[in-house]
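Generate coordinates for the entire structure from the input sequences, incorporating the hints supplied.
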Amino acid sequence: MAIRELPPAEPVRLGRRVSPLWMGLVVVVALLAGAIGWMLRDLADGGPADHSAVAIGHVDDFPVGALVEVIVDAEFYDPYGVEAETSDEGGPGAKASRLLVIRQEGGQVVAMYASSRWLGCRVTPVDRAGAIDMFTTGVPDWFVAGMLDPCHGGLYAPTGEKIRGPGERGLDRFPVGYASDGTVLVDLTRPLRTGSLPPGAPPPDILTGGAVVS
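The sequence shown begins at 1 in the numbering used here and counts up one residue at a time.
I should point out that these hints are in silico values taken from the structure, not numbers from a laboratory. Don't be surprised by glycine CBs; every beta carbon is placed ideally from N, CA and C. Worth double-checking, as some hints may not be accurate.
[Stated by the list, open to error] Label pairs and their in silico Cβ distance ranges:
| hint | residue 1 | residue 2 | range |
| --- | --- | --- | --- |
| 1 | His152 | Thr183 | 33 to 39 Å |
| 2 | Arg122 | Glu168 | 16 to 22 Å |
| 3 | Asp181 | Pro150 | 33 to 39 Å |
| 4 | Thr136 | Thr183 | 20 to 26 Å |
| 5 | Ile71 | Asp133 | 24 to 30 Å |
| 6 | Val176 | Ala96 | 15 to 21 Å |
| 7 | Ile132 | Pro79 | 19 to 25 Å |
What follows is the structure, given as structure tokens:
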């Protein structure tokens, strides 16, 4: 596991119409096949790995208001895939666990998947000046720092909610817990979807601001 603070195809044309019921069955089978394949891989390695409490560091490793990148030596099963129809990331399946972690002023740690859910592009930290330089308008007054999708122009709140850009989803988050010694534990088995902040909405309650520490 590595921890570091961060500085700021062509469509297929079908020859005949396919019924929605048949397409639905195909999607269900694909999801089940991906999940079973992921579990069988763990069994081949000597037994199912427990990804429900993966340690990502001590709480003191995450300064308040700083976006910190954590690379976990374990994959998580992404049950959602990306929003766009065409993407190298594709649909549901095993994904590398590259996380962005931020700690709020009250101590709560938020862990997010560091990839846009539109087309799977890796997101990067951005401060207010960088966001205004990118978008000119539409950056909320409360925005101090957050994340940017440099591939497609998505802007995200520091806790992952989408502010602007393509698609409807924000960054997926993971449930976070704490051991008695202050170790931060992330549940990679239950990724949580986030949505978009309506125009003019107040900042997320989890974190109202914070600088990107370089």
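Each hint, compared with the structure:
1. His152 - Thr183: 33 to 39 Å: holds (35 Å)
2. Arg122 - Glu168: 16 to 22 Å: holds (20 Å)
3. Asp181 - Pro150: 33 to 39 Å: At roughly 37 Å between Cβ atoms, proline 150 and aspartate 181 fall inside 33 to 39 Å, so the hint holds.
4. Thr136 - Thr183: 20 to 26 Å: With Cβ atoms ~43 Å apart, the hint is violated.
5. Ile71 - Asp133: 24 to 30 Å: Holds: the Cβ-Cβ distance is about 28 Å, inside 24 to 30 Å.
6. Val176 - Ala96: 15 to 21 Å: holds (19 Å)
7. Ile132 - Pro79: 19 to 25 Å: 36 Å Cβ-Cβ, so the 19 to 25 Å window is violated.
Checked against the numbered hints given earlier, this structure breaks hints 4 and 7; the rest are met.
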